[in-house]
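*Asks:* Based on the sequences and whatever the hints tell you, model everything.
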Amino acid sequence: MEPPVRLASTGTIIHGVSVGEVLGVSTLAEARLIAGESGLGRIVQRLNVMEVPDILAWVKPHELLLTTGYPLRNTPQSLGRLVADLDERGLAALAIKLGRYVDELPGEMVEQADRLGFPLILLPNDVGFDDILNQVLTDILNRQAAVLARAEEAHRALVQVVLAGGGLDEVTAEVAQLLDVAVAAVDGTGRVLATAGPGDHVAVLRESIGREGPPSSQARTPAARARSFASVPVLAGGHHHGRIVAYSPAAAIRDSDVGILERAATVAALVVTRQEAVNAVESKYRADFLRDVLTGRAGTAERVTARARAFGWDLSRPVTVLVAELDPDGDERSAQDRLVSCWTAAIRRHDPQGAVAGFSHEVVAVVDAAIDAARVAKDAASAFADVPPATFSTGTSRPSPGAETLPEAYSQALKAARVGRQLHGPGAVAHFDQLGVYRLLSLVNDTEELHAFVRETLGPLASDDDAENADLRRTLQSLLETNLNVAETARRLHFHYNTLRYRIGKLERLLGNFTDDPHLRLNLTLALHVLRMRGI
Numbered sequence: 001m002e003p004p005v006r007l008a009s010t011g012t013i014i015h016g017v018s019v020g021e022v023l024g025v026s027t028l029a030e031a032r033l034i035a036g037e038s039g040l041g042r043i044v045q046r047l048n049v050m051e052v053p054d055i056l057a058w059v060k061p062h063e064l065l066l067t068t069g070y071p072l073r074n075t076p077q078s079l080g081r082l083v084a085d086l087d088e089r090g091l092a093a094l095a096i097k098l099g100r101y102v103d104e105l106p107g108e109m110v111e112q113a114d115r116l117g118f119p120l121i122l123l124p125n126d127v128g129f130d131d132i133l134n135q136v137l138t139d140i141l142n143r144q145a146a147v148l149a150r151a152e153e154a155h156r157a158l159v160q161v162v163l164a165g166g167g168l169d170e171v172t173a174e175v176a177q178l179l180d181v182a183v184a185a186v187d188g189t190g191r192v193l194a195t196a197g198p199g200d201h202v203a204v205l206r207e208s209i210g211r212e213g214p215p216s217s218q219a220r221t222p223a224a225r226a227r228s229f230a231s232v233p234v235l236a237g238g239h240h241h242g243r244i245v246a247y248s249p250a251a252a253i254r255d256s257d258v259g260i261l262e263r264a265a266t267v268a269a270l271v272v273t274r275q276e277a278v279n280a281v282e283s284k285y286r287a288d289f290l291r292d293v294l295t296g297r298a299g300t301a302e303r304v305t306a307r308a309r310a311f312g313w314d315l316s317r318p319v320t321v322l323v324a325e326l327d328p329d330g331d332e333r334s335a336q337d338r339l340v341s342c343w344t345a346a347i348r349r350h351d352p353q354g355a356v357a358g359f360s361h362e363v364v365a366v367v368d369a370a371i372d373a374a375r376v377a378k379d380a381a382s383a384f385a386d387v388p389p390a391t392f393s394t395g396t397s398r399p400s401p402g403a404e405t406l407p408e409a410y411s412q413a414l415k416a417a418r419v420g421r422q423l424h425g426p427g428a429v430a431h432f433d434q435l436g437v438y439r440l441l442s443l444v445n446d447t448e449e450l451h452a453f454v455r456e457t458l459g460p461l462a463s464d465d466d467a468e469n470a471d472l473r474r475t476l477q478s479l480l481e482t483n484l485n486v487a488e489t490a491r492r493l494h495f496h497y498n499t500l501r502y503r504i505g506k507l508e509r510l511l512g513n514f515t516d517d518p519h520l521r522l523n524l525t526l527a528l529h530v531l532r533m534r535g536i
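Under UniProt numbering, the first residue of the sequence shown carries the number 1, and numbering increases by one thereafter.
Warning: the hint list may mix true and false statements.
[What the hints assert, rightly or not] Here are the simulated lysine to aspartate or glutamate pairs, DMTMM-like style, with alpha carbons at most 20 Å apart:
{"hint": "1", "residue 1": "K60", "residue 2": "D87"}
{"hint": "2", "residue 1": "K284", "residue 2": "D337"}
{"hint": "3", "residue 1": "K97", "residue 2": "E108"}
{"hint": "4", "residue 1": "K97", "residue 2": "D54"}
{"hint": "5", "residue 1": "K97", "residue 2": "E37"}
{"hint": "6", "residue 1": "K284", "residue 2": "E262"}
{"hint": "7", "residue 1": "K506", "residue 2": "D516"}
These are computed hints drawn from the structure, not numbers from a lab.
*Replies:* Written out as structure tokens, the structure reads:
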């Protein structure tokens with residue numbers, strides 16, 4: 001089992017041995033632990049000798065302090081406080097020779113050491129400090145050399161995985177073999193991308209990832225510097241791409257193993273960025289091809305179908321075209337990539353053979369005509385909702401029987417998205433067949449002419465200068481929708497019959513005798529439609 005690793009506050013030695021292991025060296029065979037047994041897992045990274053009164057100013061964390069008690073011979077009362085002071089400074093243990101300068105340790109000191117888990121070691125009188133220093137420091141340096149060699153070996157193995165073209169599957173498999181643990185690569189959303197290790201251990205690891213990530217180690221006792229779970233982030237280019245997570249049922253993951261996991265995370269970052277670069281190139285080819293298909297420049301239907309099949313798309317069946325267009329006033333640069341990924345994920349769930357690609361400020365999808373397009377759009381919108389304030393409007397075409405009619409279907413979907421936004425505002429979802437007369441109105445490029453038509457037809461009702469105007473327009477709209485059915489309109493608007501009769505008279509005084517003039521009713525209907533369209 002590999003040794004614990006702890007970062008030192010100073011110096012270059014970063015690996016050490018536990019106090020319990022120090023007691024196992026031959027020079028300390030006759031040494032005896034007299035207090036602080038629960039601290040045997042403390043890490044020793046260096047040794048020091050206490051033979052001056054002001055030793056506290058010179059001690060460092062993770063030291064094994066050796067003393068004959070000479071500085072304490074005349075001040076035995078300071079022994080009671082010594083343990084607390086040394087523990088506060090992070091020392092590993094105190095080893096003392098009794099009999100020459102200090103006959104025995106006070107009971108208070110022993111009790112305090114037990115309470116703090118600070119090991120007190122009674123040294124044999126016939127062992128020199130130089131022998132202890134040489135043997136323990138040699139063990140520490142050998143241990144550090146072994147850990148560094150193991151880390152270097154792991155690094156070479158992981159780099160070889162990348163050089164051989166391996167992916168996350170190979171990286172996790174290599175780490176699982178090196179550390180004898182279950183390993184998973186997880187993306188930024190918590191989705192498991194690759195796993196390796198015994199199946200039952202991987203199942204436990206997956207379950208822990210599904211519960212908001214692996215819990216903290218449940219084996220962090222002072223005597224066992226190890227844990228059951230470990231997680232390190234995968235960072236590249238200033239972005240967080242996920243994490244590498246490991247699980248050991250025996251709680252055998254030590255800090256040196258975490259160091260190897262960090263190296264694996266670096267290699268995983270290389271794999272992820274490489275894959276992103278490949279995906280970017282492939283996405284460009286897919287987008288260019290789909291753009292050619294939708295603009296009628298991709299060749300014959302047979303050529304389109306064959307080339308689409310190479311991308312995993314089926315364009316030979318009846319399909320529907322969907323266009324998701326970012327609404328104005330959003331940050332397109334940050335939202336476009338997210339829009340593409342959300343729609344790609346939605347299409348994969350609903351139609352794995354569907355085509356999807358991102359253009360400059362829109363995403364176009366071609367899916368099986370039998371699929372509920374509104375549901376696909378809803379799924380994509382739900383995933384996109386975590387990046388406010390950006391929104392997108394979606395348009396759906398009529399079913400297209402084959403590749404040769406896709407340009408027309410694309411035009412329908414694009415018009416549905418834009419007119420739908422004019423009618424319902426940002427985030428609209430519209431089908432081409434639902435546009436009705438709005439399709440014709442959207443073709444009028446001279447918006448000033450439309451405004452003039454509305455003013456001439458509706459007169460004072462064209463503006464909201466008077467609060468009553470909107471109320472009268474609503475009455476007029478309902479009358480036209482019910483084909484001048486006064487009883488039905490009164491029921492819809494919750495008016496008394498005579499109240500509605502009075503309002504009809506007022507409307508005719510403002511607009512003309514529309515109850516008897518079908519041409520005027522048509523004009524009024526069109527004017528109300530124009531008013532409903534936003535951005536006109």
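*Asks:* Which earlier hints turn out false for this structure, listed by number in ascending order?
*Replies:* 6
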